[in-house]
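Undergrad: Going down the list, the protein sequences come from chains A and B.
Per UniProt numbering, the first sequence starts with residue 1, numbered consecutively.
Per UniProt numbering, the second sequence starts with residue 1, numbered consecutively.
Read the hints as simulated data drawn from the structure, not as lab findings.
The structure displayed is predicted, hence computed values, not measured ones.
Careful, some of the hints might be misleading.
[Claimed, not checked] The calculated lysine-lysine pairs, modelled on PhoX-like cross-linking and capped at a C-alpha distance of 20 Å, are:
1) A:K309 / B:K35
2) B:K35 / A:K114
3) A:K253 / A:K309
4) B:K149 / B:K61
5) A:K538 / A:K188
6) A:K253 / B:K46
7) B:K63 / B:K41
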Amino acid sequence: MITNTKCECGHQNRVGTVLCEACGKPLGEHANSTELLEMRYDGAARRSQRANPNFIDKIWNFFSSVKVAIYLIIITLIGASLGTIFEQESNFINFDPSTFYKEKYGTIGAIYYKLGLSHTYESWWFVLLLVMIGASLVICSLDRVLPLYKALSKQKVRKHLQFLTRQKVVYQGPVEGDGASWTERAVKPLKKKGYRVHTDGDALLAEKQRFSRWGPYVIHIGLIIFLLAVLFRGLPGLNIDEHYWFPEGEITKIPDSNLYLKNEKFTVEYYSEEEMSAEFRETGKIVPKLFETKAVLYECTADCDDPSKEPVLQEVERHDIRVNDPLNYKGFKAYQFDFDLTPKLRSVTPALVNVKTGEQYGKFRLDMTNPQQQFTLGPYTLELKNKFMDFSLNEQGQPVSKSKDPNAPAFLFLIKGPDLPAEGSQYIYFPKQVDKERFQQDAINDKLGGVQNTLSLDVLAMEDVDFIASSSYLNIRVDRVMPFIWLGLGIVMLGLIMGFYWHHRRIWLRIDDGILTLGGHTAKNWFGLRREVASFLKTMGIEVDEKQLDNGGNRS
Amino acid sequence: MGKARRPVQIIILFIIVILGGYAVSAAVSGGGSGKPAVGDKPPAIKLLGLDGSVHTLEEYKGKAVVINFWATWCTYCVSEMPALQAQWQKWRDQGVVVLGINTGEDEMTVRNFTEQLGVDFPVLYDSDNEAVQSYGVVPMPTTFFVDPKGKIASIHEGELNLATLNDQIRQLLSP
Numbered sequence: 001m002i003t004n005t006k007c008e009c010g011h012q013n014r015v016g017t018v019l020c021e022a023c024g025k026p027l028g029e030h031a032n033s034t035e036l037l038e039m040r041y042d043g044a045a046r047r048s049q050r051a052n053p054n055f056i057d058k059i060w061n062f063f064s065s066v067k068v069a070i071y072l073i074i075i076t077l078i079g080a081s082l083g084t085i086f087e088q089e090s091n092f093i094n095f096d097p098s099t100f101y102k103e104k105y106g107t108i109g110a111i112y113y114k115l116g117l118s119h120t121y122e123s124w125w126f127v128l129l130l131v132m133i134g135a136s137l138v139i140c141s142l143d144r145v146l147p148l149y150k151a152l153s154k155q156k157v158r159k160h161l162q163f164l165t166r167q168k169v170v171y172q173g174p175v176e177g178d179g180a181s182w183t184e185r186a187v188k189p190l191k192k193k194g195y196r197v198h199t200d201g202d203a204l205l206a207e208k209q210r211f212s213r214w215g216p217y218v219i220h221i222g223l224i225i226f227l228l229a230v231l232f233r234g235l236p237g238l239n240i241d242e243h244y245w246f247p248e249g250e251i252t253k254i255p256d257s258n259l260y261l262k263n264e265k266f267t268v269e270y271y272s273e274e275e276m277s278a279e280f281r282e283t284g285k286i287v288p289k290l291f292e293t294k295a296v297l298y299e300c301t302a303d304c305d306d307p308s309k310e311p312v313l314q315e316v317e318r319h320d321i322r323v324n325d326p327l328n329y330k331g332f333k334a335y336q337f338d339f340d341l342t343p344k345l346r347s348v349t350p351a352l353v354n355v356k357t358g359e360q361y362g363k364f365r366l367d368m369t370n371p372q373q374q375f376t377l378g379p380y381t382l383e384l385k386n387k388f389m390d391f392s393l394n395e396q397g398q399p400v401s402k403s404k405d406p407n408a409p410a411f412l413f414l415i416k417g418p419d420l421p422a423e424g425s426q427y428i429y430f431p432k433q434v435d436k437e438r439f440q441q442d443a444i445n446d447k448l449g450g451v452q453n454t455l456s457l458d459v460l461a462m463e464d465v466d467f468i469a470s471s472s473y474l475n476i477r478v479d480r481v482m483p484f485i486w487l488g489l490g491i492v493m494l495g496l497i498m499g500f501y502w503h504h505r506r507i508w509l510r511i512d513d514g515i516l517t518l519g520g521h522t523a524k525n526w527f528g529l530r531r532e533v534a535s536f537l538k539t540m541g542i543e544v545d546e547k548q549l550d551n552g553g554n555r556s
Numbered sequence: 001m002g003k004a005r006r007p008v009q010i011i012i013l014f015i016i017v018i019l020g021g022y023a024v025s026a027a028v029s030g031g032g033s034g035k036p037a038v039g040d041k042p043p044a045i046k047l048l049g050l051d052g053s054v055h056t057l058e059e060y061k062g063k064a065v066v067i068n069f070w071a072t073w074c075t076y077c078v079s080e081m082p083a084l085q086a087q088w089q090k091w092r093d094q095g096v097v098v099l100g101i102n103t104g105e106d107e108m109t110v111r112n113f114t115e116q117l118g119v120d121f122p123v124l125y126d127s128d129n130e131a132v133q134s135y136g137v138v139p140m141p142t143t144f145f146v147d148p149k150g151k152i153a154s155i156h157e158g159e160l161n162l163a164t165l166n167d168q169i170r171q172l173l174s175p
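This is chain B alone, in the form it adopts within the complex (with noise of 0.2 Å):
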């Protein structure tokens, strides 16, 4: 009876490991909150596009994507818009993608003030703020910094200037 035994209690013990390490994981990750944080993976988003498509986060793999949350009636989100724009200009033939995430507002909005401004890179419309829950977005606008390696390399909450957004795109491509 002492061969039989030893794979069974083997087999326990690795059922054990796999079932509690999954339980504490996941509370060490959760951390009641849910929200995402430096070093996690970004959330999966599925969203329609300015441009008429539906975009997700794959689409972007191996790329530096600079996510940010904004709308028309958030000021600093406006005031920060010709920055993005120009960084994207300046990064987009070296693997970088900024994402913009319009939260809530109608297409007639969207197109006026990106044209009028002459935003071109992506702007996704969040109508039912599923990407807003899902990113935990409290002010705005709020930035998510991916880097190439699909893991959020930093947050920020608050308007961004030319010059640290600059630095976070560099640092982005080479931490």
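Isolated chain A (complex conformation) (with noise of 0.2 Å):
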């Protein structure tokens, strides 16, 4: 297919053309009317507008077209209004989403389920969706704004006359005297307005704040920023969202991190009974004051990556976490979650008895993990050969652990040292005293050698006993996207204030034997427009009345 695109002023112009790049005049089926002119991109052909299109050409028109991305944007809207009607799995932790929506919802629930919309905003669909969004993004801007820039940074001062008198801002005139002149004199009034004046015999063109044209680019450049980081937020490393426990004075690793936090101190204060009201009384309620955990963070320097070694930690960071009140470090974020009080055996230590004289051989730190092996008190070694954390016994009468926690912890020894066989004695001792009596810690002894007559393990005062308190239960949190997120936004609200605050205006005059033609063109707010033209026109000594410029139509 060739058209012929060579306007009457001699120039070539590229497919597409809607306005000769050189001179304005319209082209092609707009060149006989009267109707206003088309201005967008200043009527330059868009990139995609090609005369044969191959098989990129059309993946890249599709993509170009604006009618495209407002139908993409509906149904990305569509989307993601179907991940509001129940909540997400990502709201929850430690939850089973296959069970959950059907027994909260019924069977709209289960089916809502099934088609993946209890996780919409994750789901291949919606993610190709938003890429798709993006893809249009890139594309619809670069069809447009270099054409856009090319016009406009290479414009002709003296234009057709049909594409001044088919503006929407229109005057035509006898004007007494030399045109040039004339032109000559329209300079300096029209400066004054603001505008940058440039001349070329007896046409003139004057024009003023074109940075705002770029305003809807910028803004995409932004949301170009934005998608990009929502989209790459789950790269490796970028953003973590999960929730750990912290027992009270212990040093605990965090999972995928070289970072290590110790909860020194947690305290829970609960309103009391006169800091309520009486209303709130009756309920019964037991209402926390302050959940506060002392925490401190530390960061592995050496021998991270080497469980066979002690990482070497060094501290980076001290805060008092309380809730709205995280540490933070280097956009590592703690958040207070929630906490257990259940008290947990860290260690005791006993001291070997002689049940018949009283008499003390020492005390020994007995660690319910990684205990150590061997112990020396007095004349007695005591080796510890088993121990289980939650004692029982099981079918065949075997001592078992049913859990690993240390609910009912029991240590079988076997003791060496006088008055006992060579080979040693065991001996089973249970810390806590209720599993001495549950379990009959004597007559577990009695069968085992009888050292209970002899000798026994105590814990003689309070202290020696070692309890983790409580445990806190913390959301860790890091989220190395937002400054991007942030940045795109800023972008784009520049973008939106280029565009919005500051209007391009542009008018262009000629002077035909004696007949001043003046056109203006703006992309927004005509009125303003208007109003300064008939000012221009009023200084220049011609009567107008604003609204006689209108040339009508609602091309904008």
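The two chains are supplied separately, each in an independent frame; assemble them into the complex guided by the hints.
TA: Shown next as structure tokens:
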């Protein structure tokens, strides 16, 4: 297909050009009409408009269409709204989505879950829509901004008469004297109004605030940054939102990081009866007033990745974490989330006592995890043979542990020393008094060798028992994407301001045989432009009513 | 100007396809939970073994690996231990590794237990529950069967008996 795109001024235009790139004469089907001109992109051809599009051009053309972009946005909005019907899976921690939706909402809930709408925003089709919107943003912008930039940066001062008369703001009338000198006189008042003025004999072009035309494209750049940030939030290390337990007094590793957090002390305070209102007191509820985790954050500096070595830790941050007052270290945040006040035994320090004489042979520390295995106390040696954190007997009558938590700890020792057999004698020890009675420590020891008649292990004072008093449940968050979200939104705002608070205004005029023809164009606020043109003409000695300048039509 | 446009177009479309493809595939594979599924590569581990040295899955490249998550306090884990040991004995010469990952117990407990039962396949300590989390293990025991190509062939939750274990391992070697 060959289309003649040569203008009468001699300029060769590209396919799809609406107004001649040089003189502004309307081309093709637009040439013989009297309607207002199509001024979008200054009449330049969009890049995608080609005579013979191939496969790549067709993809390009698809995404460069504003119509397609609008459909994509509408589909995305509908899709996004589906995700708001029921709560999303990402709102919960530790729950089973396969039963939750059915139980709470019945069949509809089950269908909702089956359709994958319980994780709408993470689903492939939603992400695909966002990617397509992104592609559309990039391609639409490039397709338009480059031709527009070229058209605006090489504007001719003298335009075709039709270009002027078919603008929305038009004035035609006689002027006295020489055309060129009239034009010369017009420069000053226009400059005063902030226009940059170019003249070419008896033709003139005045222009101001062209940069506002770039506003929409700046908005697009911001949106692209925003979309990229949203789409790539899932990259490793960019976003963490997890919950972990931190037992008091322990240094706990935070998975997938080289950070360790120590819960030095956890406190919870409740509102006292006096502080509550009378109505509230009746409900009988106990309301916490303050949760606080005194936390110390450590960074591993060496041997971090070698499980056979103890990591070398360095303190980097210290903070009292309270609700809405997280620990913050370079974007790593720990929020107070929950707590558990069930005490857990950490260690006991029993003494070896002679039952008959009451003589004490000394104390030793017995940790619940990784205890020391050899102890020497006076003339006796104790060898720790086995331990059961949650002691119980199985069906075969063998000692087993029911869990790894020290609910009912038991320790089996082999004791050697005076008055004991040379190969030693076994002795079981339950640090908790309730367990001693429940599992009949003495009866077991009697069967094991009868050491309980000569020796016993006893905790002598309360300070010999070390508890993990509580555990704090913290929400660990890292969001390295947020700065990019803000950056993107900031750029969007900048683009909005550029586009909304300033208007690109242009005034062309030419004088042909004593007749002045003036055309004006702006992207928005025609009222303002008309007023400016009228006031300019007034200073030039031409009285004209603002409204008379309006050339009619709705095209903007 | 026409000549310069084509490469630019292609480069831009290419970047969109790459970035978009990554985002969509991450959404497809991620599925939200992050749990490894059948057909996935098993998550990397780096854990201290009962033998005192550090082990990773790299060591067992090209072998079929049976990864069993267990604890001494878990009754079903304890009762399937002899079956695991027996199958380890049977298949170890044919490129099969049984890997027992103990979930958060200390050395003494694990050592006593394995000695008592005569377990001699590699046992690793997952003291910080890192492997439990990356493998998304909920009930115990959970066993992952990894084929010699390094893909998870099946996941079994609950106790395994001698016969099913044998079948699973045979399938790993001759799919």
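Undergrad: Each hint should be assessed against the structure and marked as holding or not.
TA: Results of checking the hints against the structure:
Taking the CA atoms of K309 of chain A and K35 of chain B, the gap is about 29 Å. The hint is violated against a cut of 20 Å. Of the supplied pair hints, the one linking K35 of chain B and K114 of chain A holds, its CA atoms being roughly 19 Å apart against a limit of 20 Å. Between K253 of chain A and K309 of chain A the alpha-carbon distance is near 14 Å, which keeps this suggested pair within the 20 Å criterion. This hinted pair checks out: K149 of chain B and K61 of chain B have alpha carbons roughly 8 Å apart, not beyond 20 Å.
In summary, the hint linking K538 of chain A to K188 of chain A is supported, as the alpha carbons are separated by about 13 Å, within the 20 Å threshold. At roughly 15 Å between alpha-carbon atoms, K253 of chain A and K46 of chain B fall within 20 Å of each other, so this suggested pair holds. Of the pairs offered as hints, the one joining K63 of chain B and K41 of chain B holds, with about 14 Å between alpha carbons and a cut-off of 20 Å not exceeded.
Of the hints listed earlier, the one the structure fails to meet is number 1.
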